[in-house]
Amino acid sequence: MRATLGELAVRFGLELAGDPGAEVTAVATLSSARPGTLSFLANPRYRRFLAGTQATAVVLDAEAATDCPVASLVAANPYAAFARIAQVLHPAPVHEPGVHASATVHPEADVSADAHVGPQAVIEAGAVVGPRACVGPGSVVMRDAQIGADTRLVANVVLYRGVRLGERCVLHSGVVIGADGFGFAPDRDGFVKVPQVGSVRIGHDVEIGANTTVDRGAIDDTVIEDGVKLDNQVQIGHNVRIGAHSVLAGCVGVSGSSTIGRRCMIGGAVGVVGHLEIGDDVMVTGYSMVSRSLKGPGVYSSGIPAIETAEWRKAVARLRRLEVLERRVATLEGKRGGGKREA
Amino acid sequence: MRATLGELAVRFGLELAGDPGAEVTAVATLSSARPGTLSFLANPRYRRFLAGTQATAVVLDAEAATDCPVASLVAANPYAAFARIAQVLHPAPVHEPGVHASATVHPEADVSADAHVGPQAVIEAGAVVGPRACVGPGSVVMRDAQIGADTRLVANVVLYRGVRLGERCVLHSGVVIGADGFGFAPDRDGFVKVPQVGSVRIGHDVEIGANTTVDRGAIDDTVIEDGVKLDNQVQIGHNVRIGAHSVLAGCVGVSGSSTIGRRCMIGGAVGVVGHLEIGDDVMVTGYSMVSRSLKGPGVYSSGIPAIETAEWRKAVARLRRLEVLERRVATLEGKRGGGKREA
Amino acid sequence: MRATLGELAVRFGLELAGDPGAEVTAVATLSSARPGTLSFLANPRYRRFLAGTQATAVVLDAEAATDCPVASLVAANPYAAFARIAQVLHPAPVHEPGVHASATVHPEADVSADAHVGPQAVIEAGAVVGPRACVGPGSVVMRDAQIGADTRLVANVVLYRGVRLGERCVLHSGVVIGADGFGFAPDRDGFVKVPQVGSVRIGHDVEIGANTTVDRGAIDDTVIEDGVKLDNQVQIGHNVRIGAHSVLAGCVGVSGSSTIGRRCMIGGAVGVVGHLEIGDDVMVTGYSMVSRSLKGPGVYSSGIPAIETAEWRKAVARLRRLEVLERRVATLEGKRGGGKREA
Numbered sequence: 001m002r003a004t005l006g007e008l009a010v011r012f013g014l015e016l017a018g019d020p021g022a023e024v025t026a027v028a029t030l031s032s033a034r035p036g037t038l039s040f041l042a043n044p045r046y047r048r049f050l051a052g053t054q055a056t057a058v059v060l061d062a063e064a065a066t067d068c069p070v071a072s073l074v075a076a077n078p079y080a081a082f083a084r085i086a087q088v089l090h091p092a093p094v095h096e097p098g099v100h101a102s103a104t105v106h107p108e109a110d111v112s113a114d115a116h117v118g119p120q121a122v123i124e125a126g127a128v129v130g131p132r133a134c135v136g137p138g139s140v141v142m143r144d145a146q147i148g149a150d151t152r153l154v155a156n157v158v159l160y161r162g163v164r165l166g167e168r169c170v171l172h173s174g175v176v177i178g179a180d181g182f183g184f185a186p187d188r189d190g191f192v193k194v195p196q197v198g199s200v201r202i203g204h205d206v207e208i209g210a211n212t213t214v215d216r217g218a219i220d221d222t223v224i225e226d227g228v229k230l231d232n233q234v235q236i237g238h239n240v241r242i243g244a245h246s247v248l249a250g251c252v253g254v255s256g257s258s259t260i261g262r263r264c265m266i267g268g269a270v271g272v273v274g275h276l277e278i279g280d281d282v283m284v285t286g287y288s289m290v291s292r293s294l295k296g297p298g299v300y301s302s303g304i305p306a307i308e309t310a311e312w313r314k315a316v317a318r319l320r321r322l323e324v325l326e327r328r329v330a331t332l333e334g335k336r337g338g339g340k341r342e343a
Numbered sequence: 001m002r003a004t005l006g007e008l009a010v011r012f013g014l015e016l017a018g019d020p021g022a023e024v025t026a027v028a029t030l031s032s033a034r035p036g037t038l039s040f041l042a043n044p045r046y047r048r049f050l051a052g053t054q055a056t057a058v059v060l061d062a063e064a065a066t067d068c069p070v071a072s073l074v075a076a077n078p079y080a081a082f083a084r085i086a087q088v089l090h091p092a093p094v095h096e097p098g099v100h101a102s103a104t105v106h107p108e109a110d111v112s113a114d115a116h117v118g119p120q121a122v123i124e125a126g127a128v129v130g131p132r133a134c135v136g137p138g139s140v141v142m143r144d145a146q147i148g149a150d151t152r153l154v155a156n157v158v159l160y161r162g163v164r165l166g167e168r169c170v171l172h173s174g175v176v177i178g179a180d181g182f183g184f185a186p187d188r189d190g191f192v193k194v195p196q197v198g199s200v201r202i203g204h205d206v207e208i209g210a211n212t213t214v215d216r217g218a219i220d221d222t223v224i225e226d227g228v229k230l231d232n233q234v235q236i237g238h239n240v241r242i243g244a245h246s247v248l249a250g251c252v253g254v255s256g257s258s259t260i261g262r263r264c265m266i267g268g269a270v271g272v273v274g275h276l277e278i279g280d281d282v283m284v285t286g287y288s289m290v291s292r293s294l295k296g297p298g299v300y301s302s303g304i305p306a307i308e309t310a311e312w313r314k315a316v317a318r319l320r321r322l323e324v325l326e327r328r329v330a331t332l333e334g335k336r337g338g339g340k341r342e343a
Numbered sequence: 001m002r003a004t005l006g007e008l009a010v011r012f013g014l015e016l017a018g019d020p021g022a023e024v025t026a027v028a029t030l031s032s033a034r035p036g037t038l039s040f041l042a043n044p045r046y047r048r049f050l051a052g053t054q055a056t057a058v059v060l061d062a063e064a065a066t067d068c069p070v071a072s073l074v075a076a077n078p079y080a081a082f083a084r085i086a087q088v089l090h091p092a093p094v095h096e097p098g099v100h101a102s103a104t105v106h107p108e109a110d111v112s113a114d115a116h117v118g119p120q121a122v123i124e125a126g127a128v129v130g131p132r133a134c135v136g137p138g139s140v141v142m143r144d145a146q147i148g149a150d151t152r153l154v155a156n157v158v159l160y161r162g163v164r165l166g167e168r169c170v171l172h173s174g175v176v177i178g179a180d181g182f183g184f185a186p187d188r189d190g191f192v193k194v195p196q197v198g199s200v201r202i203g204h205d206v207e208i209g210a211n212t213t214v215d216r217g218a219i220d221d222t223v224i225e226d227g228v229k230l231d232n233q234v235q236i237g238h239n240v241r242i243g244a245h246s247v248l249a250g251c252v253g254v255s256g257s258s259t260i261g262r263r264c265m266i267g268g269a270v271g272v273v274g275h276l277e278i279g280d281d282v283m284v285t286g287y288s289m290v291s292r293s294l295k296g297p298g299v300y301s302s303g304i305p306a307i308e309t310a311e312w313r314k315a316v317a318r319l320r321r322l323e324v325l326e327r328r329v330a331t332l333e334g335k336r337g338g339g340k341r342e343a
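Residue numbers (this note's numbering), protein chains in the order written: chain A, 1 to 343; chain B, 1 to 343; chain C, 1 to 343.
Any copy will do: because identical chains look the same in the list, a pair fits if it lies in one copy or spans two.
The calculated EDC-like cross-link candidates involving lysine to aspartate or glutamate, where the alpha carbons are at most 16 Å apart (straight line), are: (1) Lys193 with Asp226; (2) Lys193 with Asp205; (3) Lys295 with Glu308; (4) Lys193 with Glu167; (5) Lys193 with Asp150; (6) Lys295 with Glu277; (7) Lys295 with Asp281.
Rather than coming from a laboratory, the hints here were simulated on the basis of the structure.
Here chain A stands alone, though its shape is the one from the complex (with noise of 0.2 Å):
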């Protein structure tokens, strides 16, 4: 797509310094970019590129856009207003409707007229397809599934039974919602399998990353609310719920019945474990395990960074040996305090 900076900022309500004529066609980094590209800044540490970019414009803030060298579309906060532009100049692709004639659609599928059904797609019985919707190649819908308006399912995504999507959702390949929560009673010989009759409710605007895996509830529902964004390879189990524009990095998990607040940031390869309660505005860095419910607002960690092996081993040791060095001081401070009664 091309756009003038002049249509950029009459659309997006940004202050123009430059020729509103001018045209861009694609986004591009500022180290990168080639006229005809449009780059932001946001981060300070990619300040130092900005004297030397050739793009044609660089959405960015106020004060940075006095440092400038070429037209500016100045925004309170650029990344999102560049993120808006990108979308204009790198739109989604979009998909005919239709059914692919290789898909397998179960007569008493509803699919909509101008929904999108992939090649060998598979769509049972009972499922919903709703307006626009786009369900990829190789995915497969399950029996009473629902998809909401303009939800994409991109490649071999799995929807079990049951299971509802919101509207404008993305869900990447390889994504699974609805499997069979872990449910097994102990008992004399092994485990007995305890059916996961609940289901997986999704609210709208939800994207979900590759091969993420959301598992229906036990009894009642899973559920993930409006706005919350997954990234790949996170599991999340029976019955958790996860609140309102809550964002969960790659790796997390999420253990059976635990509920996360809403607006929430949740580092990569964070474990947290079941039936706890994480409030709102809670963010959680990276490789930390919850263990115990955190009070939001509120910033928590347990991760702790490489060093060199040889010294990591020695404060391991140090750490197993604790005891010894509390006795220790113990042992002065009684000594200490038998040398007072001595004097």
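Let chain A serve as the given structure and place chains B and C on it in line with the hints.
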């Protein structure tokens, strides 16, 4: 499904207090139960919901039954009894025998007449699909793989060449069994691929969660014994052996050639390094790293609970300078000793 | 396949002690070997099995060869030599050229005449499938993606739009290359999606394990250089660059815009936070968190080995109250100082 309390009491050997003719049609939690549903009480933390439940009946132990405001089904192990009843009220879906027209089944594959092969599935030459087994949509069963009776691949599951599954297993969507183990011989100019010529053998009554992977053996087989339960996104390396009735929670990784005993419980996101032995009846709590062999029975940990970030950073800094603290204590001890000598 | 010891010695430049006409048809471990198989000894811990082996021949180094009770093939690097011989005895499966009748190949895709496209696969417009490449069953190759010569997608692999793979790569089942990176700009009412307009470039001789995900770049490309090996369930964020011949074990996560050098070895479940640089020849041991740039060469760690839970809990509690211990030591030092003054 529907059942009377009397039928359930007789079938599962439970003591009924209440109307044997009362019917239930579904399970529910104590707090969300409505008339016509059956609930259970196994975890004392939910006891407070018992008095107000609207369930028609509750499965619980004899002690709790004294407080039950509705019909009770008394069991020594209420959770296992509930699980068995839930299987009656919510039976697993039945798949009609036959091969879907869109599936690709090689003429030299051996598919039982009463097995189900779903849409878009692929079954290669020499593969065996046992009685009443179910190969779900989009699944791929490669050459010479074997699927036991009543085993189900839900959807988009991949079994590599020669993999053997027992009876009554469930493999959730996105599971990959038998991909090459991670075997590369370092050489001057990079790595030489080591062909992975072993296979994978999986016992009876094994359940494997969504997007879990189990690699084939390098030379001998990778083995998962009867009754093992693997949660979602678990990774099992080549030549691992997991003993009967062990349970591995989500996101666990087990590196090559390690052995896990029988009846072990491995918590979420635990990592097991290669070439170790974990004994029978070992529990490892979530987010721990197992880097030495562990004797069973026993409970092992190395996960650290997250705390407020500011406090945590100080704790890590103190751990790093423990050496200094040890030296200060040694100095105190020495000086005191010196003091003694001075005295 | 079968080969004589003489052929193998000549082909791989090995010194043979034994009958050059003796034949081997398969590889085996020292302890499970039977006549007609070839084994190897590379790890000293298996030396004890050498005396009793029934292999027809063993690949080993000159020192160990003195104890070999059967024919020996002496190599400076026995594991690499064994790997090469195993490739001869157990060749990778050959896939017949041609497009399976159930595959969906867009007329504007460019599929080499000698490439293989398996059942239920999907190849979109503009995609290029190189000579002898193999697109396995259920795989999806989106618009304009490119697959180099002799590269194989095993099954249910997804390549997003414009992704480029080099030659002789293997992508195991469930791999997803080129899904959107995790880019969302926070704004007043939630997040604005940042279109991910970069792609993924993967070099030659790269192997990628089952269910691993590599995200497309936000603006520039994500890059995996020649000879890199990624194990199962690895997650690579947008704009990461991984240098040639680096090896990442299972469940590793690398966050966006980080760079890993050449010949690095990253242990299982390691997490690398974003925007870091790891130098060449860096080893990170399993279960570590990399949160600062690491110089190479070097070995780094932060994983803690699991111990008995009761003992571990005390160690964590002591770590938490280290501040108190530090204060007690400071008091001792001060009081002693005071004592001095008293003296």
